[in-house]
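Undergrad: Model the full structure from these sequences, guided by the hints.
Protein sequence lines correspond, in order, to chains A and B.
If you count the first sequence from 1, position 273 lands on 319 in the working numbering, and the numbers rise without skipping.
If you count the second sequence from 1, position 79 lands on 125 in the working numbering, and the numbers rise without skipping.
Hint data in this document are derived by calculation from the structure and do not stem from the laboratory.
All C-beta atoms in this analysis are idealised placements derived from N, C-alpha and C, irrespective of residue type, glycine included.
A couple of the hints might just be wrong.
Unchecked claim - Derived CB-CB ranges, DEER-like:
(1) Ser322(B) to Ser322(A): 20 to 26 Å
(2) Glu334(A) to Ala269(B): 21 to 27 Å
(3) Val304(A) to Leu160(B): 55 to 61 Å
(4) Ser322(B) to Asp328(A): 49 to 55 Å
To be verified - Cut-off 30 Å, straight-line C-alpha distance, at most; resulting in silico cross-link-like pairs (BS3-like, lysine-lysine):
(5) Lys233(B) to Lys125(B)
(6) Lys233(A) to Lys333(B)
(7) Lys333(B) to Lys333(A)
There are 2 protein chains.
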Amino acid sequence: MSNTVHFKHVALIGVGLIGGSLALDMKSLGLAEKIVGIGRTRANLDKALELGIVDSITQDISEGVCGADLVIVAVPVLKVASVIKDAVPFLSDGCIITDVGSVKERLIEEVLPLLPRGVSFVPAHPVAGTENSGAGAALVGLFKGRNTIITPTGSIDPVDSAESEALQTVTELWRSVGSNVVVMDSKEHDRILSAVSHLPHVIAYALVNTVASAGKGAGEGGADTDMLSYSAGGFRDFTRIASSSPEMWADICDMNAVAIVEMIEAFQKELDSLKSFVANRDLTHVKEQFNRAKSQRDALVKGD
Amino acid sequence: MSNTVHFKHVALIGVGLIGGSLALDMKSLGLAEKIVGIGRTRANLDKALELGIVDSITQDISEGVCGADLVIVAVPVLKVASVIKDAVPFLSDGCIITDVGSVKERLIEEVLPLLPRGVSFVPAHPVAGTENSGAGAALVGLFKGRNTIITPTGSIDPVDSAESEALQTVTELWRSVGSNVVVMDSKEHDRILSAVSHLPHVIAYALVNTVASAGKGAGEGGADTDMLSYSAGGFRDFTRIASSSPEMWADICDMNAVAIVEMIEAFQKELDSLKSFVANRDLTHVKEQFNRAKSQRDALVKGD
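TA: This is the structure we're talking about:
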């Protein structure tokens, strides 16, 4: 790596799984002289300090961001804009703000009007995570080999030199922690994520509810059958993401509603045609659909 | 364990993941004097012999089942009846036939007319498995702590003493290898499995195809976007079952079409109502649905 980034004072707002893991990597690589953890929950901040994720902690945004050259906003996506609004009056000229939210278009619309001259915003989304949350879930190397998608607020090839420099800095930051950085339009990002992440979560939640409901009154004499108790490993893996935070995922559904609804509808068409094939015992087409999916899925994990 | 079963000659037709794993457990527990592996593919039989899963092998059903006191049919569910038909002329009086198929009602309808007097059939389904197949995938202890569902061909409490004894024997066999045995009606079995296993597979295949299709022509200038390349661990776990055998799952869809279509429709209703909540930005209801699913899912894995 020829380019390496270095920050004097990083303000990390939201020390959870993503923010905490990024801070751990930055510290172990020596990318920051100090990282200040900012959050609302004292217990989580204490834990972050105890785990060595951050160098100091505060519940006061103004205190934490004052003098920062980089502000990383790693709070739930619905709260990013209001956190930036609170931070803005205390930011120095030349400061770069970045985030890790999984929805980009609406976020940019919300944040752009808040930014003062001299402060750059580079939206980023590391496509990584587990269903766990909080500082205690932070992991070294979480982003290694993962895609981080950066969606510039203006054009993908900015002409403004400060914006261009900020984009370069955030790109180098994510490359330094091992991410494969992809720069794309926010709308494209939101559509891709609605497919590979948001839709599967919606489906997983709906599936668990379907199976739980199917057991109601299904047993002998109208007793309930605990359908879920008959599930095997496949079902458990398949529904692991239904254990994710309902608040976070409801926020994402709100922020990316249009793309998610569109993707649900594409899935509904696919499922409906598969249902017709099954109902008609059209094994040729059922097998054809299953084969198509299997070859795509197998190609996906071949490199793992 | 006060009751232990013991067999002189076990004929295992189909030495794959399930049949092979059961044979491994039976051998390590000393439940059988000899286990003969019967199959169509020489290479798989050779592998089974080499791995010590069976004591001898043959491609000739008549030779393999002759003199057996237990015949375990562990072939794909659509082929169980035809395999039993081939075996029947060579079975001795008192022989018990059992299977491991994941659909029961139609299977029983197909098998019952084939059975001669003096031969019992005890349908069983160990709810366990991985997406791998073949003798090489067989594992010791695969059924430990898993449910094995037994669906008697007659009533759940048989009056016929031979049938009752056969049911008891197969129950003890599965208990011996660590399974939790549940006896239920075949129709109930098929409905439960359509929910916890068949529906998730259909959904996983449909989801992978949806995401792959969504990338068609979605890139710059109408180029394809490889959507799947942006997926993270959640998507990979979620779609693992889409790597299962298309042939096997098409067979299951055929055998259990009615229950599966019914369960797809229950899921479609659930997804449709969730889609409306998202489209209307009705966060209260979205969160309520997600919370309901999460608490069910969390309860499911609490014991793991």
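Undergrad: None of the hints should be skipped; say for each whether it holds.
TA: Structure-based check of all given hints:
Here the CB-CB span from Ser322(B) to Ser322(A) is close to 23 Å, well matched to the stated 20 to 26 Å. The given range of 21 to 27 Å is respected by Glu334(A) and Ala269(B), whose C-beta atoms sit roughly 26 Å from each other. Separated by about 57 Å at the C-beta atoms, Val304(A) and Leu160(B) satisfy the suggested range of 55 to 61 Å. Hint check: Ser322(B) to Asp328(A), Cβ distance near 30 Å, so the stated range 49 to 55 Å is violated.
Restraint check: the Cα-Cα separation between Lys233(B) and Lys125(B) comes to about 20 Å, which is no more than 30 Å; the hinted pair holds. This hinted pair checks out: Lys233(A) and Lys333(B) have alpha carbons roughly 25 Å apart, not beyond 30 Å. Between Lys333(B) and Lys333(A) the alpha-carbon distance is near 36 Å, which puts this suggested pair outside the 30 Å criterion.
Of the hints listed earlier, those the structure fails to meet are numbers 4, 7, in rising order.
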